[in-house]
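Chemist: Whole structure, please, built from the sequences with the hints as guidance.
There are 2 protein chains.
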Amino acid sequence: RQEPDEEEEPVEDPWQDEEYFGSYKTLKLHLEMLSDKSRTEAYRHVIFNNSAALRGKVVMDLGCGTGIISLFCAQLAQPSVVYAVEACSMAAYTRQLVKQNGFEEVVTVLQGRAEEIQLPEKVDVLVSEWMGSCLLFEFMVESVLLARDRWLKEGAVTWPSSAALTLVPCQADGYYAEKMAFWEHPYGLDFTPLQPLARQEFFTKPRFSHLVEPAECLAAPCHVIRLDMYTLQIRDLEVLGRFLFCVERSGIFHEFTAWFTVHFNSMEAEGSAVELDTGPSAEPTHWKRTLFMLDRPVSVCAGDSISGTIVLRRNPVWRRHMNVFLHWSINGSTEDVGTKTFPMWR
Amino acid sequence: RQEPDEEEEPVEDPWQDEEYFGSYKTLKLHLEMLSDKSRTEAYRHVIFNNSAALRGKVVMDLGCGTGIISLFCAQLAQPSVVYAVEACSMAAYTRQLVKQNGFEEVVTVLQGRAEEIQLPEKVDVLVSEWMGSCLLFEFMVESVLLARDRWLKEGAVTWPSSAALTLVPCQADGYYAEKMAFWEHPYGLDFTPLQPLARQEFFTKPRFSHLVEPAECLAAPCHVIRLDMYTLQIRDLEVLGRFLFCVERSGIFHEFTAWFTVHFNSMEAEGSAVELDTGPSAEPTHWKRTLFMLDRPVSVCAGDSISGTIVLRRNPVWRRHMNVFLHWSINGSTEDVGTKTFPMWR
Ligand SMILES: [Ca+2]
Ligand SMILES: [Ca+2]
Chain E
1 RQEPDEEEEP
11 VEDPWQDEEY
21 FGSYKTLKLH
31 LEMLSDKSRT
41 EAYRHVIFNN
51 SAALRGKVVM
61 DLGCGTGIIS
71 LFCAQLAQPS
81 VVYAVEACSM
91 AAYTRQLVKQ
101 NGFEEVVTVL
111 QGRAEEIQLP
121 EKVDVLVSEW
131 MGSCLLFEFM
141 VESVLLARDR
151 WLKEGAVTWP
161 SSAALTLVPC
171 QADGYYAEKM
181 AFWEHPYGLD
191 FTPLQPLARQ
201 EFFTKPRFSH
211 LVEPAECLAA
221 PCHVIRLDMY
231 TLQIRDLEVL
241 GRFLFCVERS
251 GIFHEFTAWF
261 TVHFNSMEAE
271 GSAVELDTGP
281 SAEPTHWKRT
291 LFMLDRPVSV
301 CAGDSISGTI
311 VLRRNPVWRR
321 HMNVFLHWSI
331 NGSTEDVGTK
341 TFPMWR
Chain L
1 RQEPDEEEEP
11 VEDPWQDEEY
21 FGSYKTLKLH
31 LEMLSDKSRT
41 EAYRHVIFNN
51 SAALRGKVVM
61 DLGCGTGIIS
71 LFCAQLAQPS
81 VVYAVEACSM
91 AAYTRQLVKQ
101 NGFEEVVTVL
111 QGRAEEIQLP
121 EKVDVLVSEW
131 MGSCLLFEFM
141 VESVLLARDR
151 WLKEGAVTWP
161 SSAALTLVPC
171 QADGYYAEKM
181 AFWEHPYGLD
191 FTPLQPLARQ
201 EFFTKPRFSH
211 LVEPAECLAA
221 PCHVIRLDMY
231 TLQIRDLEVL
241 GRFLFCVERS
251 GIFHEFTAWF
261 TVHFNSMEAE
271 GSAVELDTGP
281 SAEPTHWKRT
291 LFMLDRPVSV
301 CAGDSISGTI
311 VLRRNPVWRR
321 HMNVFLHWSI
331 NGSTEDVGTK
341 TFPMWR
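Here the protein sequences come in this chain order: E and L.
Per our numbering, numbering of the first sequence is gapless, rising by one per residue and ending at 346.
Per our numbering, numbering of the second sequence is gapless, rising by one per residue and ending at 346.
Since the hints were made in silico from the structure, they are not lab data.
Take these hints with a grain of salt, some might be off.
One copy or two, it doesn't matter: identical chains are merged, so the pair holds either way.
Once the Cα atoms are required to be at most 25 Å apart in a straight line, the calculated SDA-like pairs of lysine to any residue come out as [to be verified]:
#1 LYS340 / GLU41
#2 LYS99 / MET180
#3 LYS99 / VAL337
#4 LYS153 / GLY271
Modeler: Right, dumping it as structure tokens:
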């Protein structure tokens, strides 16, 4: 980032809070999240599996939205209190839903930002659904870490307890055909002069709404980043991950696909963890998968290796955004290499 | 509209041309239109079917975009010249495509707005793909009418030659369940306090991206508006249409669905017309269908009538937008009636 000088425009709000929280004032996103059964049932299972251990406990549900997780706590367990924290004006409706379901003795809705909210006591459990595209996008996780450090009792539980980002090299014939090969001879005409424009427009940013099929993966997926929600620090959110894939079938390497998995540890020593997997071997979720398209496809053969690094670097100005740097090499060659930076989103 | 006074904000550009033409600078919309086979093949058939009659003729392709229709003229017929008119900066690429396909002797690309463009001569054929959602949305048709009155020779051809808007009452269980019934008991909880918000958010404006199935229609569709492109005047674009449907099966009346059909008359007396039908009995197009959701579903029985009026009234300020007023009555009753105004889009 440049040094500030007199001509630089002031950055009004690098967290774009008005835009970010504003989007949660309408129902669209809430409906999308609530209708996502894998997501919502995962949290429901966590509460249900831990209902005995939650008895009498103090819970904070951070960024509660419509309050679904808090309502699950009241419906399925007997915590002493759940503090349901929501920054946007949806909080007024959340209060109504708590009342409508008869849980106002248990659930207290607090409207405010995680960084500013005051609770009357420290909590035993911090639960939050903070995950975004490619796990970190929008960086709500930073608010969760601040709340964790401020409001958790010694030995408290954090849900999710850990998170991992997974990457896999893929063939994406359909998407490539639709956006790039299309221009080769539509209706018997030559539209290739538009291909550079298409590459710029469709392949510069990652594609969020992609749903890769397992058959499109060219290798076994590989965890590139793992986060422990008990020890993670804000400075650790800029991460470098390494990968080494062994190509399992010959094909066209079009793109890297990324997704995340989170785990919720049991509060009981013998209890089983709950997993929420957003990858291609699980049911599609509203997060879908994130696709990083190469500028040009590469032919690969079974037995080839694809090795390299992924770096997530936060946008220095727009704090909810990041750049994803990918660097890869085929068979460790210094010639058969590629590198590309994807702004996500600015 | 209020009388202007000192406090009224000046309307900078009621046609929002920067926004409107700006959206055509990127490839996304062009790719969507080109990939729409029903749309593009309809124009291709018109040119192909009329190739003999087009020989030596002067053609204007208004709002040519990437120039596909002009290229069809040069590829399939032998016009003396095609003036391909495009207001946005895509025109520079259109010129490249003309050259790439070796048609620069036939196709002349002119960048400019329909209202301002200067042609060296009058034309025999005016072809344009001006149709929007619900036929008229975005009112590009107004530019076509201005160009028609200014640049057409006596007896010239206009493609499309006529257009009709069709309406049908429908049951839409899936969409209603997804947006409204969902809140009744998700995960065993009562979320009905959010239903008024959902009605406001999801049912106030028409839904553009709907794809109604023929089985969802409760009656035979009915043309409510017909436009003759030879005689249509700008003042006629504010239209009142009447409908009378006879319900063919008992069900739930959730919404009216609208779509359009256009016809391209043959230049030859014996030639057959080409039809582009965007309704549920044809292949889906990029226009999809437009859904007007009632605030509350109504039960209807086979044999019931649904009669009423539809009025399209242009937004007095934002000239590309309009309001759609619907008024309906079940069995001609004065009690079993409904009325609703849908802003489209402002
Ligand atoms: Ca989220
Ligand atoms: Ca159009």
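Chemist: Out of the numbered hints, which ones does the structure contradict?
Modeler: Per hint list: 1 and 3 violated.
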